[in-house]
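Visitor: As given, the protein sequences belong to chains W, Z and D, one line each in that order.
Using the working numbering, the first residue of the first sequence is number 1313, and each one after it goes up by one.
Using the working numbering, the first residue of the second sequence is number 4, and each one after it goes up by one.
Using the working numbering, the first residue of the third sequence is number 5, and each one after it goes up by one.
No lab work stands behind these hints, which were simulated from the structure alone.
Here the structure is a predicted model, which is why all the values come from computation and not from measurement.
Idealized CB from N, CA, C, for every residue including glycine.
Among the clues, some could well be false.
Stated by the list, open to error - Examples of chain W residues toward chain D, derived with CB under 7 Å:
(1) G1367
(2) N1368
(3) P1433
(4) F1453
(5) L1538
(6) N1542
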Amino acid sequence: MWSSFKRWFHQWGSPKWFYERSLVWSRWLGLIALLCIPTSIIWGLFFAPADYQQGNSFRIIYLHVPAAVLAQSCYVLMAIAGLVGLVWKMKVADVVLKSAAPIGASFCFLALFTGAVWGKPTWGTWWVWDARLTSMLILLFLYFGVIALESAIQDTITAAKAAAILCLVSVVNIPIIKYSVDVWNTLHQPATFKLTEKPAMPMEMWLPLLIMTIGIYAFFGYVLFLRSRNEIIERERRTLWVRELVERESVA
Amino acid sequence: MSVASPSLWQVFFAVVKRDLLLAFRRRQDLANPLIFFVIVISLFPLGVSPESSFLATAAAGVVWVAALLATLLSLDGMFRADYEDGALEQMLLTPQPLFLLVLGKVLAHWLVTGLPLILLSPILAIMLHLDESLLTILALTLLVGTPVLSLVGAIGAALTVGLRVGGVLISLLILPLYIPVLIFGTGAVQAAAAGSEYTGFLAIQGAILMLALALAPFAAAAGLKISVSN
Amino acid sequence: MSFASFSDIIHMGGHGFYVWLAYGVGFAILGYNLVAPKMKRNALKKRLSQQLKREKLAK
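Generate the whole structure from the sequences, applying the supplied hints.
Guide: The structure is reproduced here in structure tokens:
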């Protein structure tokens, strides 16, 4: 039992094993994303009933909420990868941390943008210093920090370790930041209207949201593996298996 | 022949003393963040409005934001000189735990930047028409908050010490992490101005300080090891 | 279907601009995330295979 677990665990230390396995995983994730995202967008945009208060502008929820949820969990994933990379010195974890950062940042931006666009018809202004939007803005700053640190350090191993420490420090801070922003928000304006917390959302509204969330996660996994494989090839370009791979693919 | 190794306290105070001595040898570097602090604060009446009612409500926030920026300005130098002359590598090689040395350097940094900011803050707050009963509360929030700025800033300084672009990068990495300190610092003053209980905000700031004190030296020490081994 | 006609879909009860703006940017970001790594992959492959050829010629 223990020895088979150890073997399973050590596999993750091999970039080659990860490269080959991720090709298989990618196929499934891509299939799930390809099924879920169009289904839920068509359902959400055209078939779900309009909200009785907000009318059709609520349809932005199918982008806003999945993007926000994904952006938050992506940062946690990066911190976990950072911890694994620091403790067990796994190259794959370093690769995942670096590859996830730009994807997470782009979804964080999407959540902010759709929030602003949604705010215009509901609140009458493009931007409200609402607790959630502000926390997302700070999360975007945290993403920028990781990306900037990764690109500022030349040596890949040092860059990965530094980014891992930054991610861990920030992840400890995220609950504190979230709490402080909530306190700040109640201090300055009582919570009047919440975008997403509805007492009861009819089934036809939240089912597409659920499908979209699954689809976005699958999409994230798919593009994360795409970027990770590029990164692995770049870092392992001196090894025999990458040379053989390049040779094979250039012939084909 | 074996030499008795110094106790942890001796090492800690040796680091603090050395850094203070170095800081006082370069007086201009010492004064620069403070001058910057004063200039930034004087920009607000010029840029927004000199009206006393506006200034009084904005005063706590303005002083706090200026304190954040002034601290950031001084962070880049926290480890850089030691890195460039090789002293940092010697520190990494000492048998004493690195986090203790980091803590010593952070304390020295706070003594030469945080403490003068606190002493200056009442004067500037008066210039911003902050109510006089709130001056002590503002100073108290700074007293609890500025050590956090030095502690968390040390992590950013440690991660960027070997880089040429260090200064700008530190701001990018560290400013988002300063937000809770800023919110609770200004929150306490605003709560007191509104006549409600403000000790809760100070207590939370104290809790943040304790957390930073417990964790930041280790993170900064790890960051230094990574930066120097490069 | 909660819309009667195609122009209703575009109009979205007065919120069309906001909904389509949000979805447009959403698709752009999804597309960017797909295309950017694929383009990098092609560039990387080209660079590495050229490097490999050069090394073989040098031998």
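Visitor: Does the interface hint hold: is W/P1433 within less than 7 Å of chain D, judged Cβ to Cβ?
Guide: holds (5 Å)
Visitor: Quick check on the hint: W/N1542 CB to chain D CB, less than 7 Å?
Guide: holds (5 Å)
Visitor: Next item in the hint list is W/F1453. Is there a CB on chain D closer than 7 Å to its CB?
Guide: violated (18 Å)
Visitor: Given a cut of 7 Å on the nearest C-beta pair, is the interface hint for W/L1538 held or broken against chain D?
Guide: holds (4 Å)
Visitor: Given W/N1368 as an interface hint, is the shortest Cβ-Cβ distance to chain D below 7 Å?
Guide: holds (4 Å)
Visitor: Would you settle whether the hint for W/G1367 is holds or violated, based on the nearest Cβ-Cβ distance to chain D being less than 7 Å?
Guide: With Cβ-Cβ at 5 Å, under 7 Å, it holds.
When each numbered hint is compared with the structure, a violation occurs for hint 4 only.
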